[in-house]
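Participant: Sequence:
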Amino acid sequence: MGEYFSINYCFAGEEKKIPAVLDSYAKNKLDLFNINRVLELDNIKGFFDKYDYVNGWDDDYYRKYKKISQNAEKEVRIFFQGITENMIVSLYNECEVMFWDEFWKYFYMYRVYENISVEHFKEIVDGLHMSPNKLLENKNLVEKFDVQITEMMKVPEFGAEFIVDYYLRENKRKSKYYFPKGLTQEDRYNTVKAYINGKVVKVNILDLIINGKSKNSKEFQVDVKLRYFAKKRYEQYWTENAIPIIKQETGVNVSFSPENPDQELAFSDGIITAKYNSNWIKNNLDYPTLLNNFIYIFRYTDNCMICSFTARNLKEGIIEHLFSVHGNGMYQRGQSFELLNALSNVQMKGYIDILHNFNIYLQDIIKWFFEVYLKNEFGVDGFICIMPEKTDSILSKYERVATVMDGITKQFKLFCEEGEINRDLYEMISGSIRYKEIPSMIKNKYAYANSNEIKREMYDMFSDQCMLSYTEKTGSKYNTFFELLQSENVKIEEMEEYNLDELNWLLERGVIFVCDGILALNYERIWILKKLSDKGVICLQYKDSNLLRELISKGEISVESSLLSKPEWEYFNYILNKSEFSNGLDLRNRYIHDTNSLDERSQKHDYIVLLKIFIILVIKINEEFCLQDEISKNRVDFYDEI
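Residue numbers for the sequence shown follow our numbering, so the first one is 1 and each next one is one higher.
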């Protein structure tokens, strides 16, 4: 324990310091010229304001010292109002770290900065070690020293990183900062540009410039040139600093062979190894089976037809989250996301090569699905899918498939709205359809978490950041509270005391219950929470649940109807355009607008990715017709009466 009492560092037994400090104050023996003693008084007052009793103190003893502590406000005011310009830096240097928050609180509250002259402003700011975060947090200070702060922010080493962070990094804490009015959009741009060209840069700042999206383009706009300069500086940095400190090998190995099992997937030391039996494919060359292979062999979707490759499905680990760049408007990818998407791309490439050996082309299968299968299976006529010729160049194939995908989404939308595809009406439709706006024939298709309470339940049960998973008996053996209760018999009295309020809340919510003195899981509710936590969505037509109906009726879960779920249309947008994510691959628009790579290997890779997205679209449209057919023939919509 330190010399001073601080409410922020108040561990068991720290309250024993309070009587001695207040007795000394009452006898006029406390050094009120010592900033730490003054701020200690303030912390003691805060302690009494927060706690109505102290263990081991009777009521009279408590009231006596609480009354004395109420003088703290007066002493703090006198002290800070007496600070002169030449005292500021020395007092800050004397101030204990535990009291820094209070120092700045009263520095602004009692306008100590009003005593600073323009001539000495920068000297004092440097002495106080004020970063831009601290310098720009008080509106009055910024307004008073607008000219001086503007000049400081224009220095790349001081202002550039803050400008990039403020405008381009995702900030969930919503910190409030005030820029000087003298700092123009051009000043911000030139400061960041000078930083990029400087000797010392941080790669995460460069990454934000390359991929981030400005929260306010009127104040700071990242144009193509600035992204280009940042990209080149990023490449230069790694060329000059190519000394690996920690190296983690990652990769994908996929093989198709007659000796392989039908399917086998293994993960070891960062490498995914996938094996598939080529004879099984050879012996099952009918088009329906070849399409179903994407679901049941390559696992492009789960059993509810939700795409397996979205960032929501493949969450970042703790280390990834700490070290990855979370820029504003960026699609958040982790190592699992990159690996599984690489696997799906290699699967597609290998599968296409195998099919070519049997003179079968994926483009023909897609065309068959829309023009033959839908008509024969569901009586749906009118889809036209003109795929590229086998002899076309890779660029021609790409542009044709991208165009056909647009056409298919418009035809499907027209069918949902009209019940048929009227070609004359279709030809009058211009423009593309946003993937989030493609409708569904199913009234109640997807469910999403819609209340803070449901999100809190998900956090408590499945987050590895939640402290509920720790008990003295099991230590840190389990990552989540769900894993703990699933694996151990835990009694309420075995839970840590600081977790009891949250535990009781979960009991009240019905997430858990007590059975024979043991904490147990309400598995119906857990299933709902787990789906929402893992996938971000529940496909309602695969689960008939009274509890789901209840949560929907209460507004805790929302229901939407669209072809793609939110994680899916976000994934499509990331791959195909930049309409939503600043780091989107833009694979559709780059080829449509002739800004694609000239490297043929890159073009072939992009074409494989485009075909993968098209196959996912085929799976989703097929699911629509299957669900609609089942609902109309065999049963009603599970949630039709909500």
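Among the clues, some could well be false.
Computed cross-link-like contacts, PhoX-like style, restricted to lysine-lysine with a CA-CA straight-line distance of at most 25 Å [what the hints assert, rightly or not]: (1) 213 <-> 436; (2) 199 <-> 218; (3) 530 <-> 477; (4) 410 <-> 455; (5) 413 <-> 390; (6) 231 <-> 530; (7) 531 <-> 225; (8) 232 <-> 181; (9) 578 <-> 218; (10) 375 <-> 455; (11) 443 <-> 531; (12) 578 <-> 455; (13) 154 <-> 176; (14) 349 <-> 455; (15) 578 <-> 554; (16) 176 <-> 199; (17) 67 <-> 154; (18) 566 <-> 604; (19) 232 <-> 154; (20) 213 <-> 232; (21) 349 <-> 390.
Pair ranges (Cβ atoms, derived) [unchecked claim]: (22) 176 <-> 273: 34 to 42 Å; (23) 487 <-> 253: 42 to 50 Å; (24) 364 <-> 260: 21 to 29 Å; (25) 598 <-> 465: 41 to 49 Å; (26) 260 <-> 303: 22 to 30 Å; (27) 429 <-> 273: 23 to 31 Å; (28) 420 <-> 238: 36 to 44 Å.
Simulated from the structure, these hints should not be mistaken for lab results. Don't be surprised by glycine CBs; every beta carbon is placed ideally from N, CA and C.
Participant: Tell me, in ascending order, the numbers of any earlier hints that this structure violates.
Facilitator: 2, 4, 5, 6, 7, 8, 10, 12, 14, 15, 16, 17, 18, 22, 23, 27 and 28
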